Amino acid sequence: MTVSDREQATAPPPTGDGPVPAVVPRRYGVRPGQAVSLLILAVVAVAALAPGLLSDADPLAADPLHALAPPSAPHWFGTDHLGRDVFSRVVHGAGYSLGIGAAAILFATVLGTVLGALAGLSPRYVDEPLSRLFDVLASFPELLLAMLVISVTGPGAGNVIIAIGLVQLPNYARVIRGQTFVVRRSGYVEQAVTLGLRRPVLVARHVLPNILGPLPVLATIGMGTAIIATSGLSFLGMGPQPPDPEWGSMLAEARNYLRVAWWTVLFPGLSVTLTVVSLTVVGRRLQRRFEGRLP
Amino acid sequence: MSTLTLTRRRGLAAAGWTGPVVRRLGAGLVVLWVAATAAYAALLLVPGDTVDVLIADGLDTPQRRAAIVAEWGLDRPVPQQYADYLLRLLHGDLGRSYVLQRDVAEILSSQVWPTVRLALTAAAFGVAIALVLALTTAGRRSWAGGLAGLSELTAASVPPFLAGLLLLAVFSFTLGWFPVSGDRGFASLVLPALALGLQIAGTLGQVLREGLERALEEPFAVTARSRGITEWRLVARHALRHALLPAVTLTGWFVGVLLGGAIVVEAVFGRPGLGQITLVAVTGKDMPVVMAVIMLAAAVYVTVSTLVDLAYLVIDPRLRKGR
Amino acid sequence: MNLIEIEDLRVTFPRAGVEAVRGVNLSIAEGECVAIVGESGSGKSVTARTLVGLTGQGATVTAGRFDVRGRDARRFGPRDWRRLRGRFAGLVLQDALVSLDPLRTVGAEIAEVLAAHDVVPRAGRKERVLELLDAVGVPEPELRAGQYPHQLSGGLRQRALIASAIAAGPPLLIADEPTTALDVTVQAQILRLLAARRAEGTALLMISHDLAVVSSIADRVLVMKDGVVVEEGPTGRVLSAPERDYTRLLLAAVPSAASRGTRLSAIATGGVPLRTPLPERKVDHGSPVVEVRGLSAEYGSRRVVDDVSFEVHAGETVGVVGESGSGKTTVARLVMGLMRPVAGRVRLDGSPWSELSERERRPRRSVIQVISQNPLDSFDPRYTVGRLVAEPLGGPGRERAAGVAELLERVGLPADIAGRHPRALSGGQRQRVAIARALAPRPRVLVCDEPVSALDVSVQAQVLDLLGEIQAADGTALIFISHDLGVVHHISDRVVVMREGRVVEDGHVDEVFFLPRHDYTRELLGAVPKLATTS
Chain A
1 MTVSDREQAT APPPTGDGPV PAVVPRRYGV RPGQAVSLLI LAVVAVAALA PGLLSDADPL
61 AADPLHALAP PSAPHWFGTD HLGRDVFSRV VHGAGYSLGI GAAAILFATV LGTVLGALAG
121 LSPRYVDEPL SRLFDVLASF PELLLAMLVI SVTGPGAGNV IIAIGLVQLP NYARVIRGQT
181 FVVRRSGYVE QAVTLGLRRP VLVARHVLPN ILGPLPVLAT IGMGTAIIAT SGLSFLGMGP
241 QPPDPEWGSM LAEARNYLRV AWWTVLFPGL SVTLTVVSLT VVGRRLQRRF EGRLP
Chain B
1 MSTLTLTRRR GLAAAGWTGP VVRRLGAGLV VLWVAATAAY AALLLVPGDT VDVLIADGLD
61 TPQRRAAIVA EWGLDRPVPQ QYADYLLRLL HGDLGRSYVL QRDVAEILSS QVWPTVRLAL
121 TAAAFGVAIA LVLALTTAGR RSWAGGLAGL SELTAASVPP FLAGLLLLAV FSFTLGWFPV
181 SGDRGFASLV LPALALGLQI AGTLGQVLRE GLERALEEPF AVTARSRGIT EWRLVARHAL
241 RHALLPAVTL TGWFVGVLLG GAIVVEAVFG RPGLGQITLV AVTGKDMPVV MAVIMLAAAV
301 YVTVSTLVDL AYLVIDPRLR KGR
Chain C
1 MNLIEIEDLR VTFPRAGVEA VRGVNLSIAE GECVAIVGES GSGKSVTART LVGLTGQGAT
61 VTAGRFDVRG RDARRFGPRD WRRLRGRFAG LVLQDALVSL DPLRTVGAEI AEVLAAHDVV
121 PRAGRKERVL ELLDAVGVPE PELRAGQYPH QLSGGLRQRA LIASAIAAGP PLLIADEPTT
181 ALDVTVQAQI LRLLAARRAE GTALLMISHD LAVVSSIADR VLVMKDGVVV EEGPTGRVLS
241 APERDYTRLL LAAVPSAASR GTRLSAIATG GVPLRTPLPE RKVDHGSPVV EVRGLSAEYG
301 SRRVVDDVSF EVHAGETVGV VGESGSGKTT VARLVMGLMR PVAGRVRLDG SPWSELSERE
361 RRPRRSVIQV ISQNPLDSFD PRYTVGRLVA EPLGGPGRER AAGVAELLER VGLPADIAGR
421 HPRALSGGQR QRVAIARALA PRPRVLVCDE PVSALDVSVQ AQVLDLLGEI QAADGTALIF
481 ISHDLGVVHH ISDRVVVMRE GRVVEDGHVD EVFFLPRHDY TRELLGAVPK LATTS
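Chains A, B and C supply the protein sequences, listed in that same order.
Letter 242 of the first sequence, counting from 1, is numbered 242 in the numbering used here, and no numbers are missing.
Letter 178 of the second sequence, counting from 1, is numbered 178 in the numbering used here, and no numbers are missing.
Letter 492 of the third sequence, counting from 1, is numbered 492 in the numbering used here, and no numbers are missing.
To be clear, the hints were calculated from the coordinates, so they are not data collected in a lab.
A few of these clues could be false.
[Claimed, not checked] Computed Cβ-Cβ distance ranges for the label pairs, DEER-style:
| hint | chain 1 | residue 1 | chain 2 | residue 2 | range |
| --- | --- | --- | --- | --- | --- |
| 1 | B | T37 | C | S301 | 35 to 43 Å |
| 2 | A | A35 | B | L175 | 35 to 43 Å |
| 3 | C | E355 | B | L86 | 48 to 56 Å |
| 4 | B | L29 | C | E523 | 33 to 41 Å |
| 5 | C | E406 | A | V46 | 34 to 42 Å |
| 6 | A | P216 | C | R83 | 46 to 54 Å |
| 7 | B | V132 | A | F290 | 43 to 51 Å |
| 8 | A | G33 | B | D49 | 42 to 50 Å |
| 9 | A | G33 | B | R214 | 14 to 22 Å |
| 10 | A | R199 | C | A415 | 31 to 39 Å |
[To be verified] According to the in silico footprint, chain A covers these stretches of chain B (three or more CB under 8 Å from chain A):
| hint | region |
| --- | --- |
| 11 | 27 to 36 |
| 12 | 62 to 73 |
| 13 | 101 to 110 |
| 14 | 153 to 162 |
| 15 | 256 to 269 |
| 16 | 284 to 290 |
None of these values were measured; they are calculated from a predicted model.
Cβ coordinates follow ideal geometry from the N, Cα and C atoms, glycine included.
Model the full structure from these sequences, guided by the hints.
Now the structure itself:
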């Protein structure tokens, strides 16, 4: 009989000096949800890199006779108001959404890392204004900041990349700056000093690699945010211009037919959501692994 | 516990509040100043002659050109223009929209309330849903916890405009429970607020649950249990405060989500408000309005984040200076 | 009727695959003080927490008999357990900084017990809280009740935690490592407080890794290992005439004045364990390797080290003892050249050291190496054991690999550990890795900052033995910083006693510890719990 199983007290068995993780903790294994997420991301990646493999229909070919046809064998996801194949548009749209997201994140990580590391390694009079700049950038609602950028540059994929990249930049810069502080004051950097390592060696060997540690996690999760932001901007008509099949702009067009053709909304919407959910799931998995490394 | 917060109220200074408050307000002013500067820089960066930019799609007459040059001091050197601009902002003068032929302050103030209503309702929905989800499922390693986690994740991953479209499809078109568009009474507020609040509910729910679960594993939770209190009391009196700390950090982000989301949600539901104004201004390149919206957003953010930092001091005594 | 009567208690954590407790019998009579002693992983804490139904999530508890005041606890539901907690048994955990809710006032924490069991009507609770704080010896209860745990000193915090455990007047107090992490003088006060509760008739279950702490207070001792009670009996008998080898070895592993010059990891003989002598050390009394003169340091404007002087010769061990905040770790950092003194200087090998620029110091860094309390912090989180130990070694890859293997062997680690990650090692193994790395540049001085404080007694014994062997073989000078007077007495030749940044007394370790001249040294020595061994 169990006496206290129901009580949710928590006292993990003290392991103290015992061989610590004798068994690999369960959470390091891949769970079903994570496997599904990886699968979804793989499919989306294929769609983005080689859409022809998944759909041979032309995403731009209009067929007014078969406009707004519900899902069927030739058109798995139905057709839109111009009779274009929704499945093919969704597949080809992955390239825009993922491409813009990835480019924006690349922009944000590179610039954010450089600025963040600069702030973290510099004396106060450099760090202070830079940190304030990060604060200000982070203080703008991201969609608004992106719209400010676009009101200067005009709509288009390239401008969306810059806008979203700028919006995400402070996230990376702040984390990298914080990480720089942590690593600089860490026991292992001090230890490296006592070993007599020269400063450039020390920075290259112990400081930089450990500062960059959280980047993959941030980038994966940030990619999800970037895809949401991209679709929002496209929805408002500020992203790739029609007839390009970006998911957000597809939704903007489909919105007028919501009452009669649910499939034109559902499938692009599902693509955005599933991609973002999968990115988050994978990102968290990476995060747990990363945190596991740091006791 | 409430009976025993004896020495807490002995003036801000005694509690070690003055320092953080002053620092916070100073930082807020800096943010506002940089925001104003950024907006101004954006104006100068737009390609083309500044007068043309300011007129945008408005009527182009020599008189109006002269008025613009006079208002923005465009015949004077840039540093002086900039100083004048800051001075005008200090006086609360947000300038004039030459597209809409109205003062910007007037435009904003006429449209601000629908958006405030929407944002507050959405925040209330978001917080309520998150709290209910987190409190009822935290620490449960069962299907209920997993399901709640999955729905939070999904809610956080659906763009607000998509949530709006889906809600419209189900509750307006199919079920006919709520009006499709417009701003007429509470019924027309429910779906937009839900669409906007879902992302907050999802994110906040995840953070709260994680915080609760972490707090329930702390040694003080064992001590508290060893006093014979109920699990519910443990969560309400101990764990929730700990879980709120990381959640409070996100408040600034929520403001961004609400303001940005308002733009798309107002577009989806055809509601009047700041979002519509902003959208029209951005597409029409009505820079005075865009700049004013930026300033307004920065002001809201500064206010909220200052309050958040103070909330931090209230929740976590360890952050107060001194003994 | 006994308060607790348990037979064949078994606790398993099926998900983690751990059998934490395997068939323990335990009884506690009214007013009795029972102690459970054991190293980490012995199941002592789990046993204690099971008594109040707080074993933990996912635990399966079974028992042949589990009576709490004559009632069968095997049939208890959550509500029954709740009524028992606080009212029947109070729980005191280690380190009140985290065991009291840091976001709530001390008074609110104590009042919670009163509210949960409705012991005192709402109106009288505040007054009762103040009485309780007064009863556990917290001065100015009015002020303290409104403060948060972080505003109280370690000793006061622990007293407040005890006040909350006894608030509902339970006949049993369960104290799980109640004095661990406290300074010795504070520990002595807390032990006196617990003894006073006991004198008033409260039964006490003490859980501790420290035999000496237990010996002053317990009537009966249970020695646990791997979830099983190895030995049980009256405290005096168990500590003076242990019947089991495990208990004997545990006692032999405790460092003290008597163990100087011998290995602490003794050999079981079936009778009195055999302590083999450590190899002879040669102290070179010529010019000192490290010379500290008038050293002072400040953090901000606060002086943390004030006019400290001592010297260390080759082959010699100088112990630095003091309580927390005495500045001993800062001394280590100064000697390592990681911090600049505001006055005074450190000379290394007869030439300047502390006043050098980092560039000048760098080539000589290999002469002096450090071993810290938490080795994991000093390991680059991305590195394997092999890379860590290889880093200070120069030369081509093959030579380095051979060097790593040799060093690992020297510190008693298997060679295949080189490919593993330090996080996957036990605390003792990690400390050995740290030692191997520190030895790699062939230093002449080792600065050891609390190197064994986080280790179990038997592991501590092995690490101390290892340090002794290394010193004898290499003639290394050791600066050994510790709060544990027994450890310092065991290992040091000379000792420096520090308090609030100043040296209060120094000299040969026997002289200082047997014939202390300074009041503070006397106070320190008086506070150390003594093992009541008479054999």
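Verification of the supplied hints:
no.: 1; hint: T37(B) with S301(C): 35 to 43 Å; result: 38 Å, holds
no.: 2; hint: A35(A) with L175(B): 35 to 43 Å; result: 36 Å, holds
no.: 3; hint: E355(C) with L86(B): 48 to 56 Å; result: 51 Å, holds
no.: 4; hint: L29(B) with E523(C): 33 to 41 Å; result: 54 Å, violated
no.: 5; hint: E406(C) with V46(A): 34 to 42 Å; result: 52 Å, violated
no.: 6; hint: P216(A) with R83(C): 46 to 54 Å; result: 51 Å, holds
no.: 7; hint: V132(B) with F290(A): 43 to 51 Å; result: 31 Å, violated
no.: 8; hint: G33(A) with D49(B): 42 to 50 Å; result: 56 Å, violated
no.: 9; hint: G33(A) with R214(B): 14 to 22 Å; result: 21 Å, holds
no.: 10; hint: R199(A) with A415(C): 31 to 39 Å; result: 33 Å, holds
no.: 11; hint: 27 to 36; result: holds (count 5)
no.: 12; hint: 62 to 73; result: violated (count 0)
no.: 13; hint: 101 to 110; result: violated (count 0)
no.: 14; hint: 153 to 162; result: holds (count 9)
no.: 15; hint: 256 to 269; result: holds (count 10)
no.: 16; hint: 284 to 290; result: holds (count 3)
Checked against the numbered hints given earlier, the structure breaks hints 4, 5, 7, 8, 12 and 13 and satisfies all the rest.
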